[in-house]
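Heads up: the protein sequence lines correspond to chains S and Y, in order. Going by numbering that gives the first Met the number 0, the residue at position 140 of the first sequence is 139; the numbering climbs one at a time, nothing skipped. Going by numbering that gives the first Met the number 0, the residue at position 11 of the second sequence is 10; the numbering climbs one at a time, nothing skipped.
Everything labelled a hint here was simulated from the structure, so no lab data went into it. Nothing false has been slipped in among the hints.
Remember, identical chains collapse to one label, so a pair may be satisfied in a single copy or spanning two.
Within a straight-line C-alpha distance of at most 25 Å, the following computed SDA-like cross-link-like pairs (lysine to any residue) qualify:
id, residue 1, residue 2
1, K168, V330
2, K171, R344
3, K171, E342
4, K345, D158
5, K345, C257
6, K161, K346
7, K345, L335
8, K168, S332
9, K346, M334
10, K12, D173
On a predicted model such as this, the values are computed, not experimentally measured, just so you know.
There are 2 protein chains.
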Amino acid sequence: MSQYLNYAIQLAKMVEGQTGKNPPVGAVVVNDGRIVGIGAHLKKGDKHAEVQALDMAQEHAKGGTIYISLEPCTHFGSTPPCVNKIIDAGIETVIYAVKDTTLPSNGDEILQQAGIRVEFRHQPDAEELYKYFFITKRQSVPIVSVKVACSLDGKQATDAGKSKWITNKAVKKDVFQLRHQHDAVLTGSGTLNADNPQYTTRIEEGKNPIKVILANSGNLNFELDIFKNTNTPIWIYTQNEKLSSNIEQVKIIHLENCSIENIVKDLYQKGIGRLLVEAGPTITSEFLLSNYTNELVIYYAPKIIGGSGDYQFFHTDHIFDLSEVPQFEIVNSQMLEQNIKLELRKK
Amino acid sequence: MSQYLNYAIQLAKMVEGQTGKNPPVGAVVVNDGRIVGIGAHLKKGDKHAEVQALDMAQEHAKGGTIYISLEPCTHFGSTPPCVNKIIDAGIETVIYAVKDTTLPSNGDEILQQAGIRVEFRHQPDAEELYKYFFITKRQSVPIVSVKVACSLDGKQATDAGKSKWITNKAVKKDVFQLRHQHDAVLTGSGTLNADNPQYTTRIEEGKNPIKVILANSGNLNFELDIFKNTNTPIWIYTQNEKLSSNIEQVKIIHLENCSIENIVKDLYQKGIGRLLVEAGPTITSEFLLSNYTNELVIYYAPKIIGGSGDYQFFHTDHIFDLSEVPQFEIVNSQMLEQNIKLELRKK
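Model the full assembly from the supplied sequences, consistent with the hints where possible.
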């Protein structure tokens with residue numbers, strides 16, 4: 000593969016999690032054997048990667064090649080179509096790594112009609128980057144990742160509800176990174192009342208995700224720590240019409256039915272492109288059973304908690320047959336000091 | 000480190016699991032820049048690695064160097080002391096990777112008094128190889144590994160008891176290798192009655208471990224498959240004095256108390272140096288709670304079984320505080336196609 004196309008994909012990965020409902024995209028403009036412009040889509044509503052790279056290249060784009068992680072857009076969205084900009088800049092060759100199957104029209108044809116050579120150079124690792132983007136965009140729901148921190152025997156806490164701390168500091172740091180890569184973090188009122196967590200991203204220059212709380216019955220203590228860091232919006236979903244708060248950053252969203260489906264659809268409408276679920280066994284299991292979980296990230300601490308089945312992260316009333324239990328594909332496994340991180344995709 | 004010392008350690012690893020209560024040892028004799036003899040301890044009672052290598056080297060050992068994974072022995076056991084053989088062979092230099100702390104006398108001194116240069120060249124990876132050998136030899140118990148195959152949520156079966164097949168074929172193959180590396184495999188009568196497994200080692204030229212069955216109450220069906228492959232000894236531990244069998248390979252061992260401690264001590268007396276526990280949650284949990292588990296090998300299949308807490312691999316009546324739950328050190332993590340193998344050591 001071309002090193003430049005690889006750079007474009009690397010740029011895309013750098014902005015993963017900060018582009019909301021838009022895909023993370025990187026672009027590199029090359030002319031006469033050197034890079035003359037680089038770009039990445041930094042935020043939904045901002046310039047696309049191609050536009051940034053071409054703006055940086057200025058007149059050096061003329062006769063050059065643009066490498067893009069994703070097929071350039073052909074439509075007027077928040078910004079004008081990138082294909083127009085590419086044509087206007089005098090680019091001779093466009094090389095991209097992944098086809099955008101959600102595009103309303105054929106960008107290749109538009110570019111070719113303008114005399115530009117177009118090459119779709121398929122890259123499996125870039126494909127991975129956009130896999131869920133296409134699916135969830137069509138469904139109008141966010142990409143949902145469920146995070147679980149547990150013991151080797153699958154427990155999020157002891158039967159007595161003790162969970163501080165099962166996993167280690169390296170996991171904590173990795174979770175900060177994970178939060179940074181998501182637009183919002185969702186948890187339940189039960190977990191909040193029990194653990195009083197803050198759900199922040201304590202990394203250098205880290206972005207704090209919007210905090211989403213499921214409080215169906217509205218049983219929520221507004222004195223908790225999460226309500227004290229008021230720089231980040233907090234959205235509370237509830238079926239309790241009486242629930243209200245005068246905390247500035249808190250927004251109460253009343254739904255008749257706080258089902259997973261209703262919540263994820265509403266979150267997408269509100270601009271959430273990537274949602275991280277960090278909750279106790281009840282909400283975790285609900286998400287894992289739903290059709291709206293794309294990724295599962297498990298952090299295992301090398302200990303066994305035992306007790307009975309309480310706080311096992313996946314708990315169901317129904318006993319599945321082994322042929323029908325939820326299946327995953329292992330994407331990555333990594334040691335975080337003495338803990339193990341598994342990244343999985345729902346099959 | 001020396002390539003020759005590395006070869007000696009590699010030889011030792013090749014025979015791991017076939018030396019019973021003896022440690023696996025490898026030796027390489029080098030003279031004038033080339034290997035003139037190689038050896039490994041193949042079986043308890045057989046020649047030690049040094050003797051084999053020196054026998055192979057014959058007169059070429061004279062003036063040469065012997066590289067050994069473990070300090071040579073100084074005592075008459077099943078065979079004469081290796082230090083005598085080394086002196087007699089005319090070796091000039093002895094280099095070994097690990098000190099044998101169970102030796103009755105100082106081998107270095109004996110060799111040095113005979114004019115031989117002795118070097119202890121510490122190798123951490125060889126140290127790992129013998130870590131439990133020293134501890135368990137002093138306690139007169141086997142090195143015990145507990146194997147668990149489970150879902151991501153720590154279940155060995157569905158609540159309905161279905162466990163065929165949670166893990167994949169690559170795990171099955173790896174388990175054959177694991178069995179091959181142990182002198183005996185232990186399971187419970189409950190698992191046998193439920194799953195009817197065979198506990199064989201279906202690998203090329205594989206060694207079938209002795210099968211050990213815990214049947215405290217003596218509730219055992221002798222029509223099961225395990226009793227049909229009669230080439231391998233089957234030892235049944237029971238508290239039921241009436242239990243008997245006329246199957247040739249079956250040996251019934253009556254103990255007043257079939258505790259984990261009594262069983263592992265008896266197994267060591269009977270020559271078992273490495274024991275693999277492959278059982279259901281009850282026996283697995285008993286071993287994990289005991290002081291006699293050294294290693295834990297978990298195979299995770301990328302699925303979540305759910306249900307209630309039944310068949311969770313670690314199940315205890317007592318609710319531990321997080322500060323007192325059993326802790327492990329992760330030694331290795333490995334993908335076996337789409338399953339994960341974790342090798343852990345009890346802390």
